[in-house]
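Colleague: Sequence:
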Amino acid sequence: MKLSFSGASPYVRKAMACAITRGIEGQISDLGLKTADPALAALNPLAKIPTFVTPDGMALYDSPVICEYLDSVGSAPKLFPTSGPARWKALQLQALGDGIMDASQPRRREIALPQDDGRKEYIATQRGKVSRALDKLEAEADQLGLLTTIGDITVACALGYLDFRYQNEPWREGHPKLAAWYAKVIALPPLAKTMPV
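If you use my numbering, the sequence shown corresponds to residues 1 to 197, in order.
Hints may be right or wrong, so weigh each one.
What the hints assert, rightly or not - No more than 35 Å apart at the CA atoms, straight line, and that leaves these computed lysine-lysine pairs for DSBU-like:
1) Lys2 <-> Lys34
2) Lys2 <-> Lys89
3) Lys2 <-> Lys120
4) Lys34 <-> Lys120
5) Lys89 <-> Lys136
6) Lys177 <-> Lys136
To be verified - Cβ-Cβ distance ranges computed for the label pairs, FRET-style:
7) Asp30 <-> Asp56: 15 to 23 Å
8) Ala187 <-> Lys78: 20 to 28 Å
9) Thr82 <-> Arg119: 37 to 45 Å
10) Asp56 <-> Glu138: 37 to 45 Å
11) Ala36 <-> Glu173: 14 to 22 Å
12) Asp116 <-> Ala8: 24 to 32 Å
13) Ser72 <-> Glu169: 33 to 41 Å
None of these hints come from the bench; they were simulated from the model. Don't be surprised by glycine CBs; every beta carbon is placed ideally from N, CA and C.
With the hints as extra help, turn the sequences into a complete structure.
Modeller: Below is the structure:
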């Protein structure tokens with residue numbers, strides 16, 4: 001199994017945190033391709049990281065699909081509950097965490113550009129998405145587990161990305177329950193071994 005790596009990508013971190021949780025990280029090697037590499041576009045027409053290549057040569061993308069594939073490898077407890085309310089909650093949390101990352105990554109690029117009214121409005125819209133997601137997570141922090149589902153892992157990676165890229169916008173203030181949960185999970189191997197660089 002091969003994965004395109006970026007030490008700063010929260011999506012790559014999410015995939016590797018899943019692999020560590022499943023006990024299969026040693027089976028994954030670096031694909032060695034970056035987004036500008038034509039070979040990545042040949043595997044993934046979106047030319048995005050992460051791109052994952054299965055042992056039989058099939059290319060998978062994006063992180064939700066990659067993580068679901070990783071959940072099919074090995075015998076560790078599943079990160080994707082198979083059915084019922086637990087499954088829908090895990091998928092909802094995954095979508096919320098991915099949404100925080102989706103709103104945060106392009107905003108970082110936009111901040112570096114000249115600030116006209118349209119760009120300022122876009123940045124404010126993305127910040128609003130993150131703020132509302134954090135408020136939702138705070139209200140439901142008691143439902144978060146210790147990285148036992150794809151939802152927990154995705155939320156933790158999203159919060160880690162905020163710490164990594166938006167240190168000037170601390171999220172913990174006003175979110176004490178979420179901050180307490182994050183303080184517990186950040187020390188666990190799936191997150192401790194995948195700190196962004």
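Colleague: Please go over all the hints and tell whether each is borne out by the structure.
Modeller: Status of each hint after checking the structure:
no. : hint                         : in the structure
1   : Lys2 <-> Lys34               : holds (13 Å)
2   : Lys2 <-> Lys89               : holds (29 Å)
3   : Lys2 <-> Lys120              : violated (39 Å)
4   : Lys34 <-> Lys120             : holds (30 Å)
5   : Lys89 <-> Lys136             : holds (13 Å)
6   : Lys177 <-> Lys136            : holds (11 Å)
7   : Asp30 <-> Asp56: 15 to 23 Å  : holds (19 Å)
8   : Ala187 <-> Lys78: 20 to 28 Å : holds (23 Å)
9   : Thr82 <-> Arg119: 37 to 45 Å : holds (44 Å)
10  : Asp56 <-> Glu138: 37 to 45 Å : holds (43 Å)
11  : Ala36 <-> Glu173: 14 to 22 Å : violated (38 Å)
12  : Asp116 <-> Ala8: 24 to 32 Å  : holds (27 Å)
13  : Ser72 <-> Glu169: 33 to 41 Å : holds (37 Å)
Checked against the numbered hints above, the structure breaks hints 3, 11 and satisfies the rest.
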